[in-house]
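These protein sequences, in sequence, are chains A, B and C.
Letter by letter, the first sequence follows residues 13 to 213 of our numbering.
Letter by letter, the second sequence follows residues 13 to 213 of our numbering.
Letter by letter, the third sequence follows residues 13 to 213 of our numbering.
It is worth saying that the hints were derived from the structure and are not from the lab.
Think of the CB as a built atom: it goes at the ideal place given N, C-alpha and C, for glycine as much as any other residue.
Some hints here could point you the wrong way.
[Said to hold, decoys possible] On the chain B side, residues computed to face chain A include the following (Cβ under 8 Å):
no. : residue
1   : Ile36
2   : Val45
3   : Pro69
4   : Tyr79
5   : Phe89
6   : Leu149
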Amino acid sequence: MTLLYFLDLLGTAAFAASGAWAGIRRDMDLFGVMVLGLVTATGGGTLRDLLLGDTPPFILQNETYLYLSIAVSLAVFFFHRRIGFLQHPLLYFDAVGLGTFVVIGTSKALAFNIGFLGSVLLGVMTATAGGMLRDILSSRVPLILRKEIYASACLAGAALLYVLHQTPLPHNLSLLAGALAVVALRLMAIRFNWSLPRAGT
Amino acid sequence: MTLLYFLDLLGTAAFAASGAWAGIRRDMDLFGVMVLGLVTATGGGTLRDLLLGDTPPFILQNETYLYLSIAVSLAVFFFHRRIGFLQHPLLYFDAVGLGTFVVIGTSKALAFNIGFLGSVLLGVMTATAGGMLRDILSSRVPLILRKEIYASACLAGAALLYVLHQTPLPHNLSLLAGALAVVALRLMAIRFNWSLPRAGT
Amino acid sequence: MTLLYFLDLLGTAAFAASGAWAGIRRDMDLFGVMVLGLVTATGGGTLRDLLLGDTPPFILQNETYLYLSIAVSLAVFFFHRRIGFLQHPLLYFDAVGLGTFVVIGTSKALAFNIGFLGSVLLGVMTATAGGMLRDILSSRVPLILRKEIYASACLAGAALLYVLHQTPLPHNLSLLAGALAVVALRLMAIRFNWSLPRAGT
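With the hints as extra help, turn the sequences into a complete structure.
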């Protein structure tokens, strides 16, 4: 499905850029910035493939993801001052990437006959584990665990896709609905500054 | 073996509760608390299965562990004030979980024909890696690396099980002896406040 | 190839010693020092084997690596004051280990028909991921991401080996050239205090 592959590459580029920017803010050197870009963009899908036993993982099957992530990281490293104006639009590409990664992860889990909760878990992990690894490598508590609606948008989209997959709806329409749900929730969360409750102590 | 499965679920619930409580103390939101509960309860066994090449790992084969971990995490999140009195008894359930996880991990390694040190490693990892991942996600040095006898109890129980496995003793009795060794050492460590030596610098 | 195996064990011992020393500096107990030694020495190769789907990983296939890492960690723990004079020569053994690990990882990737960027990635990861895990377990931003030429030496050696592998040069000579490139670059980096550029913010 060509559109899905295009969106996948767009999301990969957006995630790599956000990882590389995080590396620059944390004063990493060129290698560190590349590692952060690469891990943010490809860590979630790699972990998903390891859990499914589908090895070597996608990044070693199709090196496009590696070349793209490294090229984007290098561009951010060398031109980050001149392309600072891209940081705001990046949020939107990032949301598209989020939706794409969720439906790719969930539908791969479905293809491996994983159950409901496992499929949702793998969909959410595909979209969020790269960002968690980025924060762990930066010695920070992952942002997503503290104050983002990010994860809930992924949960909702993955669950929707799982449910639609049980209906006679064509698979492509289910993918589209799942991805749109993630993107819409994510953009509304940014727009209205939503956040999840905390327990309070 | 039904008793072992029951103890496994009990340990999973206890580990999930300790992970969720850690998430609350670190001011995480609902999603973060669920991730910490899930990772603490299932991270060790998942890592073991990845290393053994037994994919998809147990949590994706039998979703009971996922449902249980998430249900316990939600309960801790919403009722943590009312169930604070459970934190002390939790230590005992946690010790039972520790013993159970050690023998499950070690005997799975034995079934895969792993050698002595590898089997001990996988037994200890099954019981302790979830807690390490919890601490890494909280951006803390894992507690177990600094001041707990926790790990030594697991080492002793795993080694005992490996040795007993070489004797004609029935497997169930070896499992029981290994698990009891872990639980007894762990409870004595709590009772007498034991700790391992440090090198001093 | 006996020389390569000898260098591999030498590198494993050097990496275990550096990990154990890091554990002592961070005031870990005996168990923590062993875990840090083990993870630093074997974490990179284990991650490589997981990504290649070659499970159980090398440490569970040949327990020599486990015994050696634990023995070295114990020795550092108990005698670290008396063997402090070894810390400087350790840098040289560490460089040898680096070169050896890079060529072992890259040539294993080649044997699994991984492409150029993937092979370089796995070579660099074999040599550096153990140190990153050590730093993550110590709740620190991995040193290698911030101020070391370490990684570039590995990148250069892995890329050289990949290229030489496409020529009719005997495999052993390619391995030697790749490893020597890493060691030479690493030693010159120490000698001349090289570092990679940062982006500046």
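Structure-based check of each hint:
Hint status for isoleucine 36/B: holds, given a least beta-carbon distance of 4 Å to chain A, under 8 Å. At about 7 Å, the closest approach between the beta carbon of valine 45/B and any beta carbon in chain A falls short of 8 Å, and the interface hint on this residue holds. For proline 69/B, the shortest C-beta to C-beta distance to chain A is roughly 6 Å, which falls under 8 Å, so the interface hint holds. Interface restraint check for tyrosine 79/B: the shortest CB-CB distance to chain A comes to about 6 Å, inside 8 Å, so the restraint holds.
Evaluation of the phenylalanine 89/B hint against chain A yields a held restraint, the C-beta minimum of about 5 Å falling below 8 Å. At its closest, the beta carbon of leucine 149/B sits 6 Å from a beta carbon of chain A; the interface hint therefore holds under the 8 Å criterion.
Of the hints listed earlier, there is not a single one the structure fails to meet.
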